[in-house]
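Chemist: Residue strings, one per chain:
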Amino acid sequence: GEKKEKKATTETAVLEGTIKVDGSSTVFPITEAVAEEFRTAQPNVKVTIGVSGTGGGFKKFSRGETNLSNASRPIKDKEKAACAENNINYLELEVAYDGLAVLINPENDWVDNFTVEELKKIWEPAAQGVIMKWNQIRPEWPNEEIHLFGPGVASGTYDYFTEAIVGKSGSSRGDFTASEDDHVLVQGIAGDKYSLGFFGLAYYAENKDKLTLIGVNNGEEVVKPTLETVSNGTYRPLSRPLFIYVNSTSVKSAEVVEFVNFYIDNAAELAEDVGYIPLPSELYTKQKENFKAFVESNK
Amino acid sequence: MEITMTKVKDKKSIDLDKVEQQSSTDGAKIAIKDVKVWYGDFMAIKGIDMNIKPNTVTAFIGPSGCGKSTFLRLFNRMNDYVDGFKMEGKIKLNGTNIYKKKVNVEELRKEVGMVFQKPNPFPKSIFENVAYGLKIQGIKDKKFINERVEKALKQADLWDEVKDNLKKSALALSGGQQQRLCIARTLAVEPSIILMDEPTSALDPISTAKIEDLIFELKEKYTIVIVTHNMQQASRISDYTAFFYLGELIEFDKTKTIFTNPEKQQTENYITGRFG
Amino acid sequence: MEITMTKVKDKKSIDLDKVEQQSSTDGAKIAIKDVKVWYGDFMAIKGIDMNIKPNTVTAFIGPSGCGKSTFLRLFNRMNDYVDGFKMEGKIKLNGTNIYKKKVNVEELRKEVGMVFQKPNPFPKSIFENVAYGLKIQGIKDKKFINERVEKALKQADLWDEVKDNLKKSALALSGGQQQRLCIARTLAVEPSIILMDEPTSALDPISTAKIEDLIFELKEKYTIVIVTHNMQQASRISDYTAFFYLGELIEFDKTKTIFTNPEKQQTENYITGRFG
Amino acid sequence: MRKIKELVIEKSLLSSALVTIAVTFGIISVLAIEAFRFFSEVSIFDFFTDTQWTPLFTDKHYGILPLLSGTLLTSFIAISVALPVGLTISIYLSEYAPRSFRKTIKPLLELLAAVPTVVYGFFALIVVTPFLQQFIPGLSGFNSLSAGIVMGIMIIPFVSSISEDALHAVPKDLKEASYGMGATKLQTAFKVVVPAASSGIIVSIILAISRAIGETMIVAIAAGQQPRLTLDPTVPVETITAFIVQVSLGDVQHGSIEYRTIFAAGITLFVFTFLLNTLSYRIRKKYQEKYE
Amino acid sequence: MNSIQKNRLKDQLFKIWGIACTLFGLVLLTVFIGDILIDGIRRIDWAFITDLPSRKAEKSGIYTALMGSIWILILTTIISFPIGVAAGVYLEEYSKKNRLSALLEINISNLAGVPSIIYGLLGLEVFVRIMSLGASVLAGALTLSLLILPIIIVATREAIKAVPKSIRDASYALGASKWQTIWNQVLPASGGGILTGVILALSRAVGETAPLIVVGALAYVPFAPSNPMDEFSVLPIQIFNWISRPQHGFIENAAAAIIILLLITFVMNGIAVYFRNKWQKKWK
Ligand SMILES: Nc1ncnc2c1ncn2[C@@H]1O[C@H](COP(=O)(O)OP(=O)(O)OP(=O)(O)O)[C@@H](O)[C@H]1O
Ligand SMILES: Nc1ncnc2c1ncn2[C@@H]1O[C@H](COP(=O)(O)OP(=O)(O)OP(=O)(O)O)[C@@H](O)[C@H]1O
Ligand SMILES: [Mg+2]
Ligand SMILES: [Mg+2]
Ligand SMILES: O=P([O-])([O-])[O-]
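Chains as they are written, first to last, in our numbering: chain A, 95 to 393; chain B, 870 to 1145; chain C, 870 to 1145; chain D, 55 to 346; chain E, 2 to 285.
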């Protein structure tokens, strides 16, 4: 298709090919938005995006099955080792910030905020089969069964939350509704008065009318995650950066390079569009430089 | 006017409607007046008049498909459930038109029993088969039922063969025994008319002979109408014979006359086996 | 030894096996020797010997289920596909045992045609029905096929009624016409024997008479074996009659003898309609 | 020549038929091999006695009971809906309804079984649950009640069609014998026809149960995804099938324990349905012989 | 009231209850379809059919899923039809009553009752992994082919069984071989019935979700497959994906896609019923 006329806005040729992305469901909306906009620029490049969770994504990434991996936490040592084993070199690119939202049903009128300790008490492994009722958290809360919803174990969100709250990544009780699909969580919480759950802020942004966002007491004050509190770091400990990872073999193909550049160029706008917090603009410039160097070194 | 129920214990025939009776033909048990039957668009019975006398055996003969079964089954309204069935004309039982709106069909069928071509015992015990008709009526009296069952089995000439095995499944009986059981089952509700549709055509010669003897005995008390494809059988057991062809009653007369001196050529052709 | 194929164009009977022929009984077209048939465990034919003469009509009579059809269908091995079918004994056609391993069954069936109880035309045109047997053999010659179809339809006395409508569906014909079509279809492959299993039992008197006439004509050229439940028919059209009962051949003789002076009591009982 | 052609044709047809054996063999060996690997890591005793199912978490428990209870609970609710309704329909259609009505209604009812299950899932989640929440205040957004009810509606035709076929197959002369003695349709239906068709009816029920146990999308969408050992129909549960879907939606890498859990769950499901299917086949064979 | 009148009354009451039950399912189906129509019909336009998936509900269409479904349908037909019909013919016309035929019979009856998700597991291990087809259209179609194979076989057998024996007898009696009889008489005569069964089986395949999820069909595939090795999505998975999104826009999309999916299944069922009626008439 290179005979077709060039687009006025870009200097690149019309490209073809397939780009496979998998990984974090938190990052999915950003990548989805980027892919969708990219379609207008490069209609013949096919981008497929899976949502296996950050961990699941890295597994595929380390086997060389995907070009890009969405991640809501940095790569772990174990995953690094897996990549090394398969001779996969990669570059980490930060694309946006996110806050982990703690949510309840709008009909829930007794909760105003949680302390980090309370969240730990609810979610730690020892709570399994023990902390079953609301009034076990604060005695004045109702004597009703508590229904918990959270992302599945392959998700970066789960890793991040358990790390930040329980203290050990991947360690939590097992008797809650765990889904890689955050929409399931939204629905579960929205349909159940005695529910409690957590997931990426963006999914709250899309469902403000169905869910109530709860502030977290970080020891000094009660903070709710917002654009401001996340980017300035006061929403502790539940805010974090989001990443995409790209591997060295992929940047040999022009369409991947084009796509990643497009991604970085548009991340700020699109991230905000789908409910995330953009990085400061100088950070994006830096990412772009890093990427350029990475591409050069892998020519 | 409704056919009122007779107490089950004392056998009586359906109440006669005095007025209508006067117009019915010389004491006929069943009087058929200009009856036509359709199945959908197909006309199966094309206008038949006939009077059947009480305590006689009347045989219906004719080639396959001529409407014998259809006609027979009019007498206890067994065609009612057939899809597309439509009928015109009158059939009077003891002077009462059984196709009147108000007639209670279940009542009628107790009065007019039926025995079918293939023995069709229920997959239950011998006793349950014979008692079925009584239980259906809501009769609970054990002793009464026992008596009735015994009596019916005796009448059907089966009692001696089964009296020690009343609990045995009816399906374990031989074909001939099954057919006699079906007759017993019919007799147990004490009808006054018994319709039989080729009752021996699935049986061996010995069973056939037994049933023919039985019919001969039953004639004393019951009015019997029998469809048969075996002309020798018709000539042996019946008093009157009706020959049907393509939905029409070609000839109806004393059996002797039909077999020795039929009026119509068609009848003769059939009797002598020119077709069928 | 195999039944060798005869050229289709000149009708010939199956080659005789010289040696076996000598032992076969006085020029019988079909010689049956101690034949027994089982369906699973049930013994349907209990050891029958019989010789059928060429260019005669032989009728099989007997009550339902006695094995007439089973026996008839042995002659063209139509029972072969029946589940649980097992047979013992010999059946020689022109001296050749047709139950030998090497016998080509398709070939045999061209030699021994068959007409069934219910007319069973294929759901195709009249022409296609008659031409079917030829096309099956791989014959493509249009002219030849046309001639054969015409000839067969003429022989079956149907040509005049259908010659202008050969493309019409065979299912649109009347029952009698359909049955004659089935006969024509059989004749088209030029067999030497024709088996008929109650060919008129589903037909009206006029069609029946037509087919009986036809059988009479065909006898000149063909050997015909016919099963019938109509004893008058047997006596009208057959030269020989065989009476079967419960899988046994009770009596086999000239038709006249069977109907006027049977040897066995059972035969007489049946002929006179004591049962069946 | 012709003989050879016939033989070649027969053999190739036979090999097509043998594909089905290969499929069964494939299913059993795939499930068995992976399940065997699973049970080399997990004790089979724990599998059947542990009351928790948390194979994806750090504190791993491999007790199938919560998934089983979820499966049986939703199936039980479904059968409680489908059985009375389906049976009544079958009796009505075979004994009462005019033929023309029966002929139009039967394909329409079968349409109920033709609707893709994902659509029923939508129905259960978006329509039935909110509707039931008006009457049952404590009803969770995901629950076994509405999933079970909707599944019951879906399997009505399984019960009604097969039962109706069985009722219909009862020889007409048996019914006529009963009518001939003055029985009403209802009496004939319950005293003669239903008993005579009982094996067919039982087959229909077993097949419906088997179908309910194996049903996936309705429960995956509407019953929740939380393994929970409970008989409470108002709270979220997870069925065996829903668990397989849940895991499949993420990445399942061959050789991982997650991969094996779905096969272990799968073989449990397979064994259940296999037993039910075999039972129904046996019964069906028996009654077919009776009437043939 | 005597016992006969009582019995009659019971009879009437049961009749009413029977009608109520019969209509229960249908009324629910109607309510439900009505509900979906209200939710979704406004969303359906040409763009909805031709649009690629998007993060915005209003811009999102079913193009890729629809194409995926069509690919699946075609490949599944090509694979399952010949095998299924051949197996049906074998079982009905050739197999003798022996161990093998008994085994085949019970085996097929069992396969018909195996939950669809188990076929998914089979496909995952055999097609996706061992045969390395990946989560491709071909792997999906193979999986669904195995799933509907028993249905096609059973339907073929039923149709063949309905061909009167007399037709076969007539053909054999004229010297036709077995295969000639099957090819010239049995198959043409049972064609309508076989077709009915195949269409019904395919309509089942079009609606299947679970096995394809297990095999790995993707939620976000913004292009239609162009060859059998491409990744794909299908309508039911697209619906599943949309249902699980809570925004009302996507629920509307799901309803609209359901309308399309139902339309496809109902049309297929309608065609099947039409063939069945036409074919049944022929043999009455
Ligand atoms: N339920 C039905 N629907 C349509 N047509 C029917 C029905 N029952 C019978 N007929 C037709 O009505 C005609 C008379 O049938 P009927 O059964 O009364 O004949 P029959 O004299 O008893 O024959 P057979 O000796 O074979 O029992 C036949 O042409 C038959 O095809
Ligand atoms: N395919 C079969 N399998 C088992 N038994 C069979 C089969 N065909 C016939 N029979 C039995 O073999 C016996 C002879 O049957 P056959 O059909 O030859 O009798 P028939 O004399 O032709 O009877 P009809 O006059 O009723 O045609 C019967 O008892 C029948 O039940
Ligand atoms: Mg009759
Ligand atoms: Mg016969
Ligand atoms: O972003 P996650 O899907 O890995 O939670």
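Among the hints, a few may not be true.
Derived SDA-like pairs (lysine to any residue); straight-line CA-CA distance at most 20 Å [unchecked claim]:
(1) K969(C) <-> G916(C)
(2) K157(D) <-> A163(E)
(3) K287(A) <-> G192(D)
Quick caveat, the hints were computed from the structure, so don't treat them as lab data.
Chemist: Each of the hints needs a verdict: does it hold here or not?
Modeler: Right, here's what the structure says about each hint:
A hinted pair counts as satisfied when its Cα atoms are at most 20 Å apart, and K969(C) with G916(C) qualifies at roughly 18 Å. For the proposed pair K157(D) and A163(E), the alpha carbon gap of about 19 Å is at most 20 Å, so the pair holds. Only pairs whose Cα atoms come within 20 Å are accepted, and K287(A) paired with G192(D) is accepted, the gap being roughly 8 Å.
Of the numbered hints stated above, none is contradicted by the structure.
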